[in-house]
Amino acid sequence: MNAFLESARRIATEVAAPNAAAVDAESRFPAEAMDALKQAHLLGALVPAELGGPALDFATVFAICHLLGRHCASTAMIFAMHQIQAACIVLHGREVEWQRNFLRRIAGEQLLLASATTEAGIGGDLSRSACAVIRDGDRFGIEKRGTVISYGDQADAVLITARSGPDAQPTDQVIVVAPKEQCALEKTGGWDALGMRGTCSNSYLLRAAGHVDQVIPEPYADVSPRTMVPVAHLTWSSLWLGIATDAVARARAFVRRQKQPAGEGMPPGMNAMRLAAAVSQLQSMKANIVAAARLYENALKSPEGVTALSFSIAMNNVKTSTAYRAVEVINQAMLICGIAGYKNDTPFSLGRHLRDAHSAALMVNNDRIDANTASLLRVHKLDGDLFD
Amino acid sequence: MSNADIRAVLETHARIPVAVESLSDEANLFTAGMTSLASVEVILALEERFGIEFPDQMMHRKTFASVSAIAEAIARLKAVA
Numbered sequence: 066m067n068a069f070l071e072s073a074r075r076i077a078t079e080v081a082a083p084n085a086a087a088v089d090a091e092s093r094f095p096a097e098a099m100d101a102l103k104q105a106h107l108l109g110a111l112v113p114a115e116l117g118g119p120a121l122d123f124a125t126v127f128a129i130c131h132l133l134g135r136h137c138a139s140t141a142m143i144f145a146m147h148q149i150q151a152a153c154i155v156l157h158g159r160e161v162e163w164q165r166n167f168l169r170r171i172a173g174e175q176l177l178l179a180s181a182t183t184e185a186g187i188g189g190d191l192s193r194s195a196c197a198v199i200r201d202g203d204r205f206g207i208e209k210r211g212t213v214i215s216y217g218d219q220a221d222a223v224l225i226t227a228r229s230g231p232d233a234q235p236t237d238q239v240i241v242v243a244p245k246e247q248c249a250l251e252k253t254g255g256w257d258a259l260g261m262r263g264t265c266s267n268s269y270l271l272r273a274a275g276h277v278d279q280v281i282p283e284p285y286a287d288v289s290p291r292t293m294v295p296v297a298h299l300t301w302s303s304l305w306l307g308i309a310t311d312a313v314a315r316a317r318a319f320v321r322r323q324k325q326p327a328g329e330g331m332p333p334g335m336n337a338m339r340l341a342a343a344v345s346q347l348q349s350m351k352a353n354i355v356a357a358a359r360l361y362e363n364a365l366k367s368p369e370g371v372t373a374l375s376f377s378i379a380m381n382n383v384k385t386s387t388a389y390r391a392v393e394v395i396n397q398a399m400l401i402c403g404i405a406g407y408k409n410d411t412p413f414s415l416g417r418h419l420r421d422a423h424s425a426a427l428m429v430n431n432d433r434i435d436a437n438t439a440s441l442l443r444v445h446k447l448d449g450d451l452f453d
Numbered sequence: 441m442s443n444a445d446i447r448a449v450l451e452t453h454a455r456i457p458v459a460v461e462s463l464s465d466e467a468n469l470f471t472a473g474m475t476s477l478a479s480v481e482v483i484l485a486l487e488e489r490f491g492i493e494f495p496d497q498m499m500h501r502k503t504f505a506s507v508s509a510i511a512e513a514i515a516r517l518k519a520v521a
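Chains A and B are the protein sequences, given in the same order. Position one of the first sequence corresponds to residue 66 (my numbering), numbered consecutively onward. Position one of the second sequence corresponds to residue 441 (my numbering), numbered consecutively onward.
Treat the hints with caution; some may be incorrect.
Below are the SDA-like pairs computed for lysine to any residue, each with C-alpha atoms no more than 20 Å apart in a straight line [as the list claims (entries may be wrong)]:
1) A/K446 / B/E487
2) A/K245 / A/Q348
3) A/K446 / B/P457
4) A/K252 / A/D218
5) B/K502 / A/D287
6) B/K518 / A/D448
7) A/K446 / B/M498
8) A/K446 / B/L477
9) A/K446 / B/S476
Per the computed footprint, the stretches of chain A lying under chain B, defined by three or more beta-carbons under 8 Å from a beta-carbon of chain B, are [as the list claims (entries may be wrong)]:
10) 266-278
11) 364-375
12) 436-443
Quick caveat, the hints were computed from the structure, so don't treat them as lab data. A virtual CB, placed ideally from N, CA and C, is assigned to each residue, including glycine.
Whole structure, please, built from the sequences with the hints as guidance.
The structure is reproduced here in structure tokens:
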């Protein structure tokens, strides 16, 4: 295993885990774990070697999300969201000198990237924007209202989606990279949520201004299916599997500790059987994610790989199915642990796991994703071979 | 099948903000503004119009990127049929 994965393992168990309950209870940014990830140079994970980064592969990034997810889902989600943004610059901005310099800064200064995609009046449809990039010579300005920016207060830069110009259609979008010193953020809404309480996903009125080279040259319509969607769905699925895995590990410890069958009328071994079923669920979730991660790795090898319909469908499905199954498997763990799982102060507590996992079907709503898949299925024939 | 037939399908289904006739045979339709969802409509219409089915292997952007790419794909399917 590589050294970066080992650092992540240490941070997950020694820094993220002991602070997870406080992060959740206080709905605060997991500063300790995020600082440790910076110290370990993990925020620059995807930056290419010639720009001063370790050029880790996506598989390692997914593995880190999974590790962090087992111990603090909020930390894992912040790390994931950061890497999605980093991937967009690495894969779509590198032709531009400003973007290359910014990647050097991400690796050198361990800058934390946030994103501003949702918007007042548009809601969760990321493929449309109301705000626009307003150009004046080689300068631009932008104003985005009611946009959710997770860890907006702590981020060092924000990637903003906007229409490419004042006359552009809502779907004609670009991504603008705006370092924090060029942004003015006015908080318009807070984040007191059921779970993922450490992501601090506040709403803001965002104003930014800078040089036009900060606009990623490829349109968002290309960046989204090629990079943003696959990297988001795979980092998220990996960390959701992490949450579910820790829940089942707690259930396993509970079953292991039980000396007698629990209570009158409960057939002996019932919890052990439930546990076996839950582990089987975890295995198929994991197989699904690993297969999708390999599919992405292979798709990256050819220019049209990431544009294949079958690829988009697979990336959609890994997200929606992992989201549903994470909650299901944590419910099973809860049935196994019983009251010990329901209470918040036992070694078998599962409340945080369950609350965090409920975000999965909502962050980019599963129904929206299934509707997209359904439209692709009008022409996709399901004629692939087993190992296609 | 002619490129004019393909252009007729594009005119109705591609929802490109400019007139299809103003684009060359080689012009990239996605760059011209065809969205992925519009491309699904185009594929459906092409299959119906030319009595073909594009296999999943051909279902990526390059196949439908321009008038000439579409013509080539249809010719290839017709040749094996």
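Those earlier numbered hints the structure runs against, lowest number first: When the structure is compared with the hints, numbers 2, 3, 10 turn out to be violated.
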